[in-house]
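Kindly produce the complete structure, drawing on both the sequences and the hints.
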Amino acid sequence: SAVISQKPSRDICQRGTSLTIQCQVDSQVTMMFWYRQQPGQSLTLIATANQGSEATYESGFVIDKFPISRPNLTFSTLTVSNMSPEDSSIYLCSAATSGTSNEQFFGPGTRLTVL
Amino acid sequence: GENVEQHPSTLSVQEGDSAVIKCTYSDSASNYFPWYKQELGKRPQLIIDIRSNVGEKKDQRIAVTLNKTAKHFSLHITETQPEDSAVYFCAAPRGGSYIPTFGRGTSLIVHP
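Note that the protein sequences, when read in sequence, are chains A and B.
To get the numbering used here, take the position in the first sequence, counting from 1, and add 2.
To get the numbering used here, take the position in the second sequence, counting from 1, and add 2.
None of these hints come from the bench; they were simulated from the model.
C-beta: ideal position from N, C-alpha, C; glycine also.
One or more hints might be untrue.
To be verified - A few chain A residues facing chain B, derived, Cβ under 7 Å:
1) Q40
2) L45
3) T115
Said to hold, decoys possible - Selected chain A positions facing chain B (in silico; Cβ < 7 Å):
4) E60
5) S71
6) F108
Said to hold, decoys possible - Here are the simulated BS3-like pairs of lysine-lysine, each with C-alpha atoms no more than 25 Å apart in a straight line:
7) B:K59 x B:K73
8) A:K9 x B:K44
9) B:K24 x B:K44
10) A:K9 x B:K39
11) B:K39 x B:K24
12) B:K60 x B:K70
Here it is as structure tokens:
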């Protein structure tokens, strides 16, 4: 299993600013992902964070808006850039290890409000 | 890509009743089907999963069934309790990958 922490847990930001969310896993994992979850909605994958290379973005998400870093096998960051009120959401980090188990573990989420 | 449909969106039951949530998927190469439970304000957590070489799996009051021919899988909760109240998500990976596509979720409400 993997225990995932995220910082900050919540933030209120002004439009036009940027926020960086940190995700820390307590063990080395193969894959790390970033999701967005609107209240009452499902999980929408933003991108897969690749260690040592550029993230792989899903349709509708671009690097300029959501730059992602993954410097090692236990840590990743997601930046929400030039924020607007439409970016208000919960952002979740998750991790998985390929192999016999495909189980995904999720962080507690970061609740972002953009004014 | 994978398309996952989940029904119903809301399910209300009396304590002690059974609850069934169904999902269909589109990618015949999908081989791993997890179910996640998300309590209000909490993170999603895996409650049970099934692989394509198995038709059914049970864990106490929870079971999952898989019909690969029809491309659907279901979550069964027996003897429901108020603490089962949560949103449940099914998921299926894009064929050949570990990246899941999630269903829209089912809000289960168990009335005492």
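Here's how the hints hold up against the structure:
Annotation: Q40 of chain A was flagged as interfacial toward chain B, and the flag is violated, the nearest CB pair being 11 Å apart, outside 7 Å. At its closest, the beta carbon of L45 of chain A sits 5 Å from a beta carbon of chain B; the interface hint therefore holds under the 7 Å criterion. A distance limit of 7 Å between C-beta atoms decides the matter here; for T115 of chain A the minimum to chain B is near 15 Å, and the interface restraint is violated. At its closest, the beta carbon of E60 of chain A sits 9 Å from a beta carbon of chain B; the interface hint therefore is violated under the 7 Å criterion.
Here the hint on S71 of chain A is broken, as its CB sits about 19 Å from the closest CB of chain B, past 7 Å. Of the supplied interface hints, the one on F108 of chain A holds, with its beta-carbon coming within about 4 Å of a beta-carbon of chain B, less than 7 Å. For the hint linking K59 of chain B to K73 of chain B, the alpha-carbon distance of about 16 Å falls within 25 Å, and the restraint holds. Between K9 of chain A and K44 of chain B the alpha-carbon distance is near 15 Å, which keeps this suggested pair within the 25 Å criterion.
For a cut-off of 25 Å, the pair hint linking K24 of chain B to K44 of chain B stands: about 23 Å separates their Cα positions. A threshold of 25 Å between alpha carbons decides the hint, and for K9 of chain A with K39 of chain B the separation of about 23 Å falls inside it, so the pair holds. This hinted pair checks out: K39 of chain B and K24 of chain B have alpha carbons roughly 14 Å apart, not beyond 25 Å. With a C-alpha separation of about 18 Å, the suggested pair K60 of chain B and K70 of chain B falls inside the 25 Å cut-off, and the hint holds.
Checked against the numbered hints listed earlier, the structure breaks hints 1, 3, 4 and 5; every other hint is satisfied.
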